[in-house]
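Chemist: Construct all of the structure, not just a fragment, from the sequences and the given hints.
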Amino acid sequence: MSRFPEALGLAFAAALIAAPVAAGTLGLGRPALPEEIEAWNIDVRPDGLGLPEGSGSVEVGEEIFTEKCAMCHGDFGEGAGRWPQLAGGAGTLTGARPVKTIGSYWPYLSTVYDYVRRAMPFGDAQSLSADDTYALVAYLLYLNDLVEDDFTLSKENFAEVEMPNAGGFVADDRAAEPFAKPHEVCMTGCKASVAITARAAVLDVTPEGGAPAGAETEDGPAAAAPEPDAKAEPAVATDPAPAAAPAEAAFDAALAAAGETLFKKCKACHKIEEGGKNGAGPALHGVFGRAIGHADGFRYSKAFEKLAEDGGVWDAAALDAFLASPKDFAKGTKMSFAGLKSAEERAAMIEYLKSASQ
Amino acid sequence: MSEARSTRRGFLAGGAIAAGGALVGGAARAAGDPAIMEAQPWARHLGDGVDARPYGHPSAFEKDVVRRDVPWLTADAQSSVNFTPLHELDGIITPNGLCFERHHGGIAEVDPAQYRLMIHGLVETPLVFTLADLKRFPRVNRVHFLECAANSGMEWRGAQLNGCQFTHGMIHNVMYTGVRLSDLLAEAGVKTAGKWLLAEGGDASGMTRSIPMEKALDDCLVAFKMNGEALRPEQGYPVRLVVPGWEGNMWIKWLRRLEVGDAPWEQREETSKYTDLLPNGKARRFTWEMDAKSVITSPSPQAPILHGKGPTVLTGIAWSGRGAIPRVDVTIDGGMNWVEARLDGPSFEKSIHRFYHEFDWDGRPLLLQSRAHDSTGYVQPTKDELRKVRGTNSIYHNNGIQTWAVNENGEAENVEIS
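So the protein lines, in turn, are chains Z and V.
According to my numbering, the first sequence holds residues 1 to 358 in order.
According to my numbering, the second sequence holds residues 1001 to 1418 in order.
The hints are simulated quantities; they were obtained by calculation from the structure and are not laboratory data.
Each hint should be verified, as a subset may be incorrect.
As the list claims (entries may be wrong) - With beta-carbon atoms standing in for the labels, derived distance ranges: (1) V:Glu1408 to Z:Ser193: 40 to 46 Å; (2) Z:Ala343 to V:Pro1095: 46 to 52 Å; (3) V:Ala1230 to Z:Val194: 44 to 50 Å; (4) Z:Ala253 to V:Asn1407: 52 to 58 Å; (5) V:Ala1230 to Z:Gly311: 50 to 56 Å; (6) V:Tyr1055 to Z:Ser193: 52 to 58 Å; (7) V:Pro1212 to Z:Pro31: 25 to 31 Å.
The beta carbon of each residue, even a glycine, is placed where N, CA and C say it ideally should be.
Modeler: See the structure below:
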């Protein structure tokens, strides 16, 4: 649409009236409303540009972190499994295995606020209020020993916090590297002999060879050659689930489809496809009719270990009770999800779990 | 993984067939080759009609030519990466369905009717464009590679992954159709103080990167087509940013917002990530350009020599974020002697180039390497040259020379050599 079509009506009228179009432009698009810009513009810069009004304490931050973050990042920001470690690592940047956390590596606190507000919690982005975000950032500072436990972070004192690695970055100087200048290369008789010094087959970590336990990882590809014995995730001895016969093959496809839509809020932690692995939560393919607390290799909370001993099965009634109020069904569960209040939504979810169990 | 395994089985079976093939070939001279002598079903019976495949797919025999991931690399599939099967491709263009994927919050399934692009900040008139608006600007077509800055990042400490799909597969090369970013910025009117641009995606990670205005006005595109058709959802449908020659993370997918400012925003992906840690504990930042690089795609671990000794085609790809590739050298003896490879196919700036080297294999073990030269005179370094300066913890921008060792059976392995 042209920039002011509704105000001016027909396009030829716009041409006749000569809309205020700058020289060399086409007059395409329309002006962005201030409230539209406000709705999308949530970025924060190191100089504080973009910080919203508000504040939050370490104490409140701990509550939110425990509920919404600890299942992936660990209770103390140490990182669960391959999820990012957020605290610690001071003094490791020059070592063989650098640990890059908010405290040891991130140069600006604004980046923490910006990122938590735009992308966290993983799978439920942009759901935190400005105050909650201040509180979480305060707690992350506390986990990194940068503030005391009575600290409150606010828009007003934000700029006073200095990050330990603020001076740790340099400009791109690759052009000055010794090999970077144009140079002649040797084409014949360049060396007398050649020997193989390293082989990938020795490591055997290529997917067709199977994955090693607990390989060293970054966000994105691993920086390091994995050490098969390092950081191995403790395997919990779990007997194979007693084969409870899946109740009925039939399910309501329309209801299951509604459940699939609802399941989007679960996907960050639960895999449901066939062969899906345990994540922050247990894999759910085949959960309908499965013994409670028996996902292979998943480390359950004490609450679910107890329920597993009690020997229940995930039938419709058990799933309904759990989904209605997870914390009442299993007091102490690691799952932070508050539950589905609507009986229709629970029915749809159960139907979807049923459909994914066949 | 099961697919990868089946490929290995396929390879072993293929080896057996190749060995048997020599026998069959001999037999064929006496009795006639059954592939010729016997009527094949496709030569006799009618096949599918024109409406059977309204959107065409590769032959069923090509089912193993797919993107693959390395499951142990990441915590989950939503913030992860998979790899282009470079060993199966030829020419310079990557088919849309095989372009590697890197997401930080899964694939955003954007409804094009709800698509909006906002430009605001230090501009005369903050603007909102619909997809239809964008298509009314003059269009351009450009072929460019997109390489993840972490491509080959798993190889810093030594040879690790056996296959160029995994060592080099975080790259694709596509013809984009779109509009110049400079045209869109001119429409809003960038103020004199506007020296930086923040590009933001509409996905669940809200991906953001700061881009210097000089680059934005130089050759960046706002693209809506790849290889002639709409962008694939996993590549940013309906609109992505194209930042030629610069690291892939900056090519914001599902592009929804462009903010003009007077300083960089220091976002997560330009501070805690995509910065290159050096041995002295300092990290390089804003390492945007991708250096000249090449890799032999066949023979390679996933593409062994199955035909035995005799005429052999070696092929690979080369690229540079600073320009074109006028020359690639290859060696089959581990760098004792080199020859210039034969470049074939179109040559575009900041695009993949295809090279070949045909030779008569005598059946003895080979050590294969390629070395790219770009149009600025830069020569691809060895991995050891890189490590000497950068150590082994910088993750990104590993453009070192790759070595494949080929044994007497034609099987190839990822190795490092003296």
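Chemist: Now, for every hint given, state plainly whether the structure supports it.
Modeler: Quick rundown of the hints versus the structure:
1. V:Glu1408 to Z:Ser193: 40 to 46 Å: violated, 19 Å
2. Z:Ala343 to V:Pro1095: 46 to 52 Å: Check passed, 47 Å falls within 46 to 52 Å.
3. V:Ala1230 to Z:Val194: 44 to 50 Å: At roughly 49 Å between Cβ atoms, Z:Val194 and V:Ala1230 fall inside 44 to 50 Å, so the hint holds.
4. Z:Ala253 to V:Asn1407: 52 to 58 Å: holds, 53 Å
5. V:Ala1230 to Z:Gly311: 50 to 56 Å: holds, 53 Å
6. V:Tyr1055 to Z:Ser193: 52 to 58 Å: holds, 54 Å
7. V:Pro1212 to Z:Pro31: 25 to 31 Å: Check passed, 26 Å falls within 25 to 31 Å.
Taken one by one, the earlier hints fail for this structure only at number 1.
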